[in-house]
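Here the protein sequences come in this chain order: A and B. One rule links them: number in the numbering used here = place in the first sequence (from 1) + 892. One rule links them: number in the numbering used here = place in the second sequence (from 1) + 436.
Since the hints were derived computationally from the structure, they do not count as laboratory data. Computed from a prediction, not measured in an experiment: that's the story for all the values here. Take the hints with a grain of salt, since some may be wrong.
Chain B stretches covered by chain A per the calculated footprint, using a threshold of three residues with CB under 8 Å from any CB of chain A [what the hints assert, rightly or not]:
{"id": "1", "stretch": "453-462"}
{"id": "2", "stretch": "489-495"}
{"id": "3", "stretch": "577-591"}
{"id": "4", "stretch": "666-675"}
Even for Gly, the Cβ is constructed at its ideal location relative to N, Cα and C.
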Amino acid sequence: MATLTTASTSAPARTTSLWRRSLTSLSRKPLAMVSLLIIVLFILVAVFAPQLAPYGPAQADFLQVRKAPSAAHLLGTDDVGRDVLSRLIFGARASLTAGAISVIIAMILGVPLGLIAGFYHGFVSELIMRFTDALLSFPFLILAVALAAAFGPSLTNAMVAIGIASAPTFVRLTRGQVLAVRSEDYVQAATASGAGDFGILTRHVLPNSLAPLIVQGTLTIASAIIAESSLSFLGLGVQPPTPSWGGMLNVAKNFMNQAPWMAIWPGLAIFITVLAFNLFGDGVRDALDPRD
Amino acid sequence: MLNYILRRVMTAIPTLLIVTVMVFAVQRMLPGDPALVLAGEERDPQVIEFIRDRYRLNDPVPVQYVAWLGQVVQGNLGQSFRTRQPVTQLILQKLPVTVELSLLAMLFALAIAIPTGVIAAVRKGTAADYVSTIAALSGLSLPNFWMGIMLILVVSVQWKLLPASGFVPLNEGVWPNLQRMIMPAFVLGTGLAAVLMRQMRSSMLEVLKQDYVRTAQAKGLARFLVVTRHALRNALIPVITILGLQLGGLLSGAVLTEQVFTIPGFGKLVIDAVFNRDYAVVQGIVLFTATAYIVINLLVDVAYALANPKIQMR
């Protein structure tokens, strides 16, 4: 799992200039910018997969089974003669969708619960935190495996499982931010001027807790992509014949002697994508840290 | 002291109870009538009624939960639908394999993380720091099942140095056992090494700023001795904490590593159970791992409090 980050918060008046300053600072980090470029590139590949792929992702050719890379098949063919490059290109869709949707699910579940747990004291807050602790005590992948098994194996269910398993991090992070912000003068002022709890939470507390949530979101995309490919590798995510990088590796491991190229590229694709999100997340964290 | 331990145990108990409620609830949510699942091929209504009675499936859900919890507390996690073996027995059979794998992985991780973390901190801002930071992030980004496949491809298939998969118990020979455990342990250890290295670097940087380190330096002690003798010991404390918290990560990683290297451990048990729809085993494992995590972290906290009385004040 990616590590939690905390950044100190600022008064709303300075918010805009802080965001702008952070963006400028981010744009000056070469590693983060290269990572962003790679991420955008992979997104474009996923979106324009039908235009880019030389063959259909499920187009099997039994005369071309396990052929080494050649001019016709740049990255070779797989066990049923499908083009590895085309499957790799289409496989980007599963990984990137899973990364994005899982994080959205985790945030939709985690952020409101964190806001409530941080803003109110008492039984409900205590209950939310105990539930979060309980969820955190399940090993991430074992929880995702158990949930994916209970819901049935599919990409959608894998994303829900990863989302649920990632939610506790967001509950803890949001709660920590709320606890830091709620004693700030402007929140006290808003309370004194009679603003409702909902207004205070959405207008004052949430915007000032956004920075670390964005960082955590980016880093969670990285771990969600690994989790999705792990579940697909185990046969609990994307179901064949739909291509996914993890699923391709699941098949490839049976043909390591005969067709090693089947195993190299999908893993490399996962590695590069995840590294790009991790490096970008690190860059965003540094850029948003007002101490720098 | 006793007060602190009691307080710490009191917060662990509700968490543990919620864990059991969650596991029980998911069990209930599963599609299909459990009595029919237990009956297997048998469709005789009398048999099914007998099963319902025996497993208290006719009782209200809270009553069922309490009865189930009573069994769990006594170490009875039910029995495998497939093999009829008690789940606890299955877990205890497979556990030593995964424990060995995890311990070896921890050794690899510490052996990589401590020196690189220290060097990165001592040489902050230099090329060495930059390279080790990128290496750590790469370690975090590497899917360990792919790394396992690549290692098999190079070390076993190309170089024919180590067996690609399988397992030999320790009591049948230490070397044959290690031959098959080195690669999986290394694979499992790299992700952990990355996490620990980052922690080692940042805690070393903190410690190097402390007064006593400056004093040691001022009195003319060699830089190497200051770092290894004075700073390292204190900088290691947060690293050890993180090691405790990473236990879940190790178990998650073991699921994949054992699958790649066909090691008959805990992770293989859970995946086989999932594919055999042996839910009792899946539930048992989930409950067992979560409990182990809570108990181990509780013990780590208590050990700290014993070692450092200041912690109790917080």
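Going down the list of hints, with the structure as the test:
Residues of the stretch 453-462 of chain B with a Cβ under 8 Å from some Cβ of chain A number 4, which satisfies the need for three, so the listed coverage holds. Here the stretch 489-495 of chain B counts 0 residues with a CB under 8 Å from a CB of chain A, which misses the bar of 3, and the coverage is violated. Taking a C-beta to C-beta cut-off of 8 Å, the stretch 577-591 of chain B contributes 10 residues in contact with chain A, enough for the three needed, and the coverage statement holds. Check result for the stretch 666-675 of chain B against chain A: violated, 0 residues qualifying (beta carbon to beta carbon below 8 Å, three or more required).
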